[in-house]
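Protein sequence lines, in the order shown, are assigned to chains A and B. All residue numbers in the first sequence are consecutive under the numbering used here, ending with 1834. All residue numbers in the second sequence are consecutive under the numbering used here, ending with 577.
Hints in this document: simulated from the structure, not taken from any laboratory. A couple of the hints might just be wrong.
As the list claims (entries may be wrong) - Here are the simulated DSS-like cross-link-like pairs (lysine-lysine), alpha carbons at most 27 Å apart as the crow flies:
#	chain 1	residue 1	chain 2	residue 2
1	B	K438	A	K1539
2	B	K559	A	K1754
3	A	K1754	B	K555
4	A	K1539	A	K1739
5	A	K1493	A	K1754
6	A	K1493	B	K561
7	B	K438	A	K1675
8	A	K1620	A	K1539
9	A	K1493	B	K559
10	B	K555	B	K498
11	A	K1675	A	K1539
12	B	K498	B	K438
13	B	K498	A	K1493
14	B	K555	A	K1493
15	A	K1739	A	K1754
As the list claims (entries may be wrong) - Label-pair distances were calculated between CB atoms; the ranges are:
#	chain 1	residue 1	chain 2	residue 2	range
16	A	D1634	B	V435	40 to 48 Å
17	A	E1475	B	V435	51 to 59 Å
18	A	A1587	B	V549	43 to 51 Å
19	A	M1628	B	T507	52 to 60 Å
20	A	D1811	B	V549	32 to 40 Å
Given the structure is predicted, the values throughout are model-derived calculations rather than measurements. Even glycine gets a Cβ: it sits at the ideal position worked out from N, Cα and C.
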Amino acid sequence: MPLSADSALRPPIANPVRNVLTASRDDTTVVNIGPSHPATHGTVQIIAELDAEKVVRTDVHCGYLHRGFEKECEDHTWHNLMPYVDRLNYCSALINNFAYCDAVEQLMDIEITPRTKYLRTLLAEYNRLADHLTCVAAQLMELGAMTAFLYLVTVRDSIYEHLAALTGARVTYSYGRIGGLAFDVPAGWFARLEEILKEYERYIEMVHGLVDRNRIFIDRMRNVGVISTAQAIHWGFTGPILRSTGAPRDLRKDTPYLAYGELDFDVPVGINGDNYDRYYVRMREMDESVYMVRQLLDMIPEGPIMVDDRRCVFPEKELVYTEIESLINHFKLVMEGPVVPAGDIYVAHEGANGELGFYLVSNGAGQPWKAHVRSPSFVHMGGVHTMLDGYQLADIVTTFGSVNMIGGECDR
Amino acid sequence: MTAPLFDRLREQLSPVEAGPEDQPSAASPVLCRGVQHKVLVFELTPDQLLPVARRLHDEFGFDLFLDVTAVDWPDAPLRFEVVWHFYSTTAHVRVRLKTRVSVQDCTVDTLTPLYGSAGYMERECHDMYGIGFRGNPDLRPILLYEGFVGHPLRKDYPKQKEQPLVPYRPPQSALVR
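Okay, chain A solo, but in the shape it has when bound (with noise of 0.2 Å):
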C-alpha cells in the first residue's frame, strides 16, 4: 500500500494548500525538476507539464532557502544586520550593503562624506562587474561553453582576490557602515584594480570572440525566452531582463543615487527581450561599469570616510580606552544600537539583477521595527513562466540561466 494512501501514516499538514500541478490534457505529462537540480543554479523548484518536448505551463516554486532574513533582523542592532545583507545577493555583496546603509542614512538624515560617496560608487560598479561575469558564465556553461566560463571566471577570481585584500573576505564582505565604510583603501589597491581592469578587457574579448557569433550558441539563445517590455513591467521585471525588452529603465539613470549623477554611462538595452539579448545586455553592461570605475579613479577625492556623527559611528578605539564619554559611547552603540529615529523608508539601489529596494520601518530603538527587502530574484521567479511556458524542455535551462535567480536574495 503506499504512504499516502494510508491517512495515519500521512504527515500531519496543517494547510495542505500546495497541490501539484496536473495534467490540462490527456497527452502531457507533468514533470518536477528541482529544488536540487544540477541545471537549476539555486535551490528552485520547477513543475512544468510537458507535450513531448514542449513545455506547456510551469509552476515555479522558491522558498527552499528561506532562513527567516526579516524576523532575525528584527531582533539586532542596525549595526548589525551588515552581515546578513550581504548574504542576500552573495554575487555583488556590496551593492546589498550600500542599499542599505543608503536606507538607514536617509532615515537619519546622514550625508555621507565624498570619499564614501564615490568610493561606493566604485565599488557597487565593481560589484556588479564580478556578478554579471558570474551570471554570464554560468550560462555559458550550462550550455556547454567551458572555455569562455573559465576565462569569465579568471577574471572574477581576480577581482574576488582583489577585494578580499580591500575587505578581509572574498564574497561576504560586511564592507559597508552606517555612516561610511569599513576601512579606507590600502596602499597600491587602485594600481592594481587598473591592472584587473586591462585582464578583464583581454579576456572578455577573447569571449566575445568565442559566443557572439557561435552558431550553437545563437541557435539556444535566439528567439527563446523572449518577453516584450509591456509584459516585462506588469510581472514586475527590472534590471538587465527589463532592459533586454529595449525599455532603457535603469535607476542609476532614473533617479541617480550616489554619484551616478554625475558620471557618464549609457544604458544598453536589447531587441528583442530573448536569452541572447540578455546576454548582451550584461556584457555590455559590464563594459559600462569598467567605463564608470576608470571615470571614479579619477573623481574619489582625500578625506575621511566616516561622518562625524556619535548616534551611529564607532568612537576612535583610543578615546574608549581613555575617555569616559567614549567609553559609554562605545557601549550604547554596542549594546542598545543607533538611535534611528521613528518613521519608514523605500529606497531602492540598481542592483545587478534589478530594483533591490529596502523598505525600512523604525520605532525609534536601536534596532529595526521591521526590515523587508524588495529582492528582484523574487519578483522575476514570480514572472518566469511567462519566458518558459511554450519553449523546449531544454531551454528552462539556458532560460533560467539569464533570468540569474540568486536563491539568497529570493527566499530570504
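Since the structure of chain A is already known, use the hints to place chain B on it.
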C-alpha cells in the same frame, strides 16, 4: 516632472487637507501624508485600495508594482498596516499606499488584476503575516512549506520556535555502532 505629478495626485486622490492626527474614515477615505523621503504617501481605508490603485495604474502611469508587505503593531486596535509601493517607469517616482486592518478581519483586495507581479508578493505577505488577499486565486505558501503553522513575521511568533518537518534525532557519531 516630479512635483507636478505629485501635486496632481494629491489634488485628485485626496482633496481634503488632513491633519497629522486624522485617520482615514468613511468621510475622507484617502489621506495624503505628503512626500516622505521622495515617496508620496497616502493612507486609505481598505475598501479604497482597489479604486485608488486602478487610478494610479490607468490614469497616472504607475505601471510597475514594486512591493506589498505588512507591518505588525500589536498594541494598535487595527493591528496590521499593509503597505504597497508603486513606481512609474515614465515619471520615475514612487507612491506608497498604506491601510490598516484588524487581526480579526485582515483581508484586503488583491491587485493581481492590475499587476501580474502582485501575485507572488501577496503570497509572501500572506505567508508571513496572514493577510488575506480577496480575489487572489493562488495563496499557497511560497517561502514557507505546506503545513507550517502560524505567520512568522507577526510579532507574537517566537523567534526561536521550530517546526521541523522531520523530527530531530539525537546526534550520532558515525563511529558509534
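Ascending list of hint numbers which this structure does not respect: Checked against the structure, no hint fails, so every one of them is satisfied.
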